[in-house]
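Chains as they are written, first to last, in this note's numbering: chain E, 169 to 439; chain R, 44 to 521; chain F, 152 to 490.
In silico negatives: residues of chain R with every beta carbon more than 12 Å from chain E: (1) I126; (2) L153; (3) V310; (4) S315; (5) V433; (6) E450; (7) M454; (8) I505; (9) A506; (10) F509.
With a Cα cut of at most 16 Å, we get these calculated EDC-like pairs of lysine to aspartate or glutamate: (11) R:K88 / E:E324; (12) E:K387 / R:E53; (13) R:K88 / E:E289; (14) F:K328 / R:E65; (15) R:K320 / F:D282; (16) F:K329 / R:E65; (17) F:K432 / R:E68.
To be clear, the hints were calculated from the coordinates, so they are not data collected in a lab.
The beta-carbon is built from N, C-alpha and C at its ideal position, and this holds for glycine as well.
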Amino acid sequence: MIDVNKCTTCPVHNVGNLKKLGINMKNYDYVVALAGNPNTGKSTVFNNLTGLKQHTGNWPGKTVTRAEGGFEYNSSKFKLVDLPGTYSLLSTSTDEQVARDFILFGQPDVTVVVVDSTRLERNLNLVLQVLEITDRAVLCLNLMDEAKRNNIKIDERQLTKDLGIPVIPTEARQSVGMQDLINAIFEVASGKFVCKPYRINSKSIELSYAIDKLSQEVKQAFPDIPNATWVALRLLEGDQSIIEAVGTGELGNIKQVNTSLEEIKLKVESI
Amino acid sequence: MNRTNGHNNEAILSLANNLRWEIGENFHDKLMESIYANATTIAHKSVTTPIEKPTFSFDRALDRIVTSPVLGFPMMFLILAVIFWLTIEGANVPSAMLASLLIDTFHPILKDFSFTIGLPWWLGGVLIDGAYLAGAWVISVMLPPMAIFFPLFTLLEDFGYLPRVAFNMDNLYRKAGAHGKQALTMAMGFGCNAAGVVAARVIDSPRERIIAIITNNFSLCNGRWPTQILIATIFIGGAVPAHLAGLVSAGAVVGIAVLGIVFSLVVSWALSRTVLKGEASAFSLELPPYRPPRVLRTLYTSLIDRTLIVLWRAVIFAIPAGIVIWLVSNITVGGESVAEIFINWVDPVTLIIGLNGVIILAYIIAIPANEIVIPTILMLTVLVTSITGVGSGDGVMFELDSVTATEDILMAGGWTLLTGINLMLFSLLHNPCSTTIYTIYRETKSVKWTVVSTLLPVVMGIAVCFFVTQIWRLVVGN
Amino acid sequence: MVDPLTSLIIGFIIILFFIWVYLPRNGLLARLKRSKKNTHRVLIEDSLKHLYNCEYNGINCTLNSVAGNVSISADEAAKVVKKLEELELILSHEKGISLTTEGRAYALRIIRTHRLWEKYLADETSVGEEDWHIAAEEIEHRITPAQADALAAQIGNPVFDPHGDPIPSAKGELPLKKGNVLNTLKEGEFARIIHIEDEPNAIYSQLVAAGLYPGMQVRMIESSKDRIKFLANGEEVVLAPLFAKNVTIIPIKNETTVKGKFKSLSSLSVGEKGIVLGISKRCRGQQRRRLMDLGVVPGTEIEAEMKSIGGDPVAYRIRGASIALRKNQADKIYLINEE
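Work the whole structure out from these sequences, hints included.
Set out below in structure tokens:
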């Protein structure tokens, strides 16, 4: 589907866009994005992978600024970007915009979604959204210790089959499972594991009609993109960065919208 | 890639718009519903949850105690009281050690050193009596309490107790138009307002977050407690019979702190109904499961994240202030120092609000940290009254070990019980320190809210001191 | 030294003066701001808007209707209409007045700004429902089309305003009018409100006070010349036919209609469970998105877990997490009534 597949070990990220998003890819082979709901131990996973010591509190929404770090595995160098913790990627909040634009336009080689194993169902909301944007993802089932404590059992193989991506149980606070996670990241990044991501099927007839119709048009105009459905979804939600990307024909290659609501309010007040 | 068929792209956008009109307003709702339905199907296939949740019962039992109408609040006050007690008691010894090391030992050594290498007297004054002393002062009084308070607070946070406090307090704060989590930013403000302002990040609703930031200054911070205690001991304690002195002056200090809480609630209420009426507001509060805190990690990160960052900012601001303090006391115009000229000039006006020129000047030049207000006041009082035998020279801040000696200096400066009461009120109600002002700007990215948070308390302080003074003079006489 | 009594009096006077200047509604500043309205341009733009509304709804517009709508005398209206003709924005003929292409585009720009602003106020601020229209009436004359587009981009390029009206696109497209007035609904039939007319304000505030909002399901009980009686979310509402004309509905036939009174989440006692039917349309913007992100969507099972000390907020178990909601939020989450 993408010409990248011709070389399975080549990085798939788009260096030009990453640069625009403020990521320096010098000396790195792969870029890995870390997404997840707030309070799932995402920062702990990040610290564990990179050895950095970012404060992690038992509070939703602790990571306010984007953190970056790196690690090395199998003589490949990985750049890890910690995205803001969000419940969803469909709203207009700045955090969510940063996260979804990074995954869409930055085209990370792998997106790791960290979820709270004790609340898998609620966390899957974000996972399914991420899988609409990218087909290179790893699910990190974090806080397995708590799940065990609460007698919650998760069938990882079933989950891998359903979601079509590697599913790795971890206990980041105890550094359990981190090696498996790194290995899974490597396999997806290098193309050894080819993901077949689950795609959302809509329960509403009107909705599927609109999404199908629009995504077909998008596919025709942009035959190279892997996520026409997501583009259609975002167009139907009125996402300005996607509208511009489609309008200028530079879908997959555009700048971020940076004017904040606050600025517009100021402008309006000053008239 | 597809730059050529721009027309086609326009058609896509147009189609999208028409489809949106056709689907109606419920698109987002229906989409979310679909995604969750998918999530449920997937989760049900791979997750098995026990029908009985035995281990949840620990959380539930604890929650039952924490939210119990009988035990909930006493438990909360007890825990907070223990934290404050540990902070104040625990900080005394290391603070004294740091002070004796940095101020009593190193300062003279540096002074001698500057003489030895033949530094001009004014350069030595600016650098050592001004910059060094201010920085050293801030470190010795700020570091120990913060290094104790923040880790303790963070431990409670990591354990999951603080969200429950917010949960219980929300009822009160909702009535004041604020968020329950403001109880936590306020508590944090008792440690340090700058840290309290940063802590307001956990409030994710724009309006409530700005309210929490603006009103944080009404939490009597660590730097202001010593001022309150000293002044209350001298003036309030001195006004009552000796056997009651301790109790009454302690009561006065607690009274000021409680007054601060009342002010913060009243101001929150007023702000949410006036200037902030239109700001977006949304409430949600997740109660995370209790987790055993990891003590060492917490100690390490809270020290790095909170204590050192705040301290660093305070030192950065204190150093130029130290220089200014030294300069205004040593630059003379027509035989009088700049400080004296200013003090004499504002004195008549400040009498209306029951303060004096020394206090006003001290609050202006000691803006970086409330900790150096009293040393500055003492130095300036000695300067204008020309007392000899105390202090270490013009522009060199000092503090005295003996309360009586401090009292003598202040009395010589013309202080009365009314001055003492007004200073206590003004210490509660004045602009935040420059570290906090800078932090407010960093957090809100708005000049407007920074100005409001800075000026609102000063205006309130001036008004309150004015009315107290005039009513006092009406009732008690001069 | 000034006598303390005198200075106290002066102090009080200064405080009263500031209150008088800054009072939100009746203060000096607020009054000054209000009196700056009603310039010539405002009259022209308001008249154009009115003419466009007539066209959209298929009514004939006259000089008198312009005068009535913009609240000016017939003489003044004649002047405005003359000016509009000079600007080639309208054409007068024996049947009435009609818009030229430029006039229509101009009117649509104003309407776009108006509706965008209402949407912005509804979703991104806490400005009360009754103030949206008033604020938008002012802002529509002050904001440039470019600023309106920037605002639209920020709030997700909405296509409907909070009253259910479509927002014209930047190119001036607008879908055809849909729906009928509430009066046309026959007894026993179900319908969904798609629009509530926000003018005149006197009627609109009555409709808001009755709890009506776009998206609400209604069922007609009695439709006569004297009164229109219907069930709205299970509660009986009676309107005068004149008032009901300001409510637009589309009939619904499918089985998703809900009978009986809705039960709200706040009615659960600790330990009780319920299944979400939906979130009220009155819960908007960030607040609504937040609830859905937390998993409050139709079909979700929610259990009331514990009360805070004051009894409000209450913590609910929603898809595995404990979330505290205030009573005024829980009131707006409807549960399936199992009785």
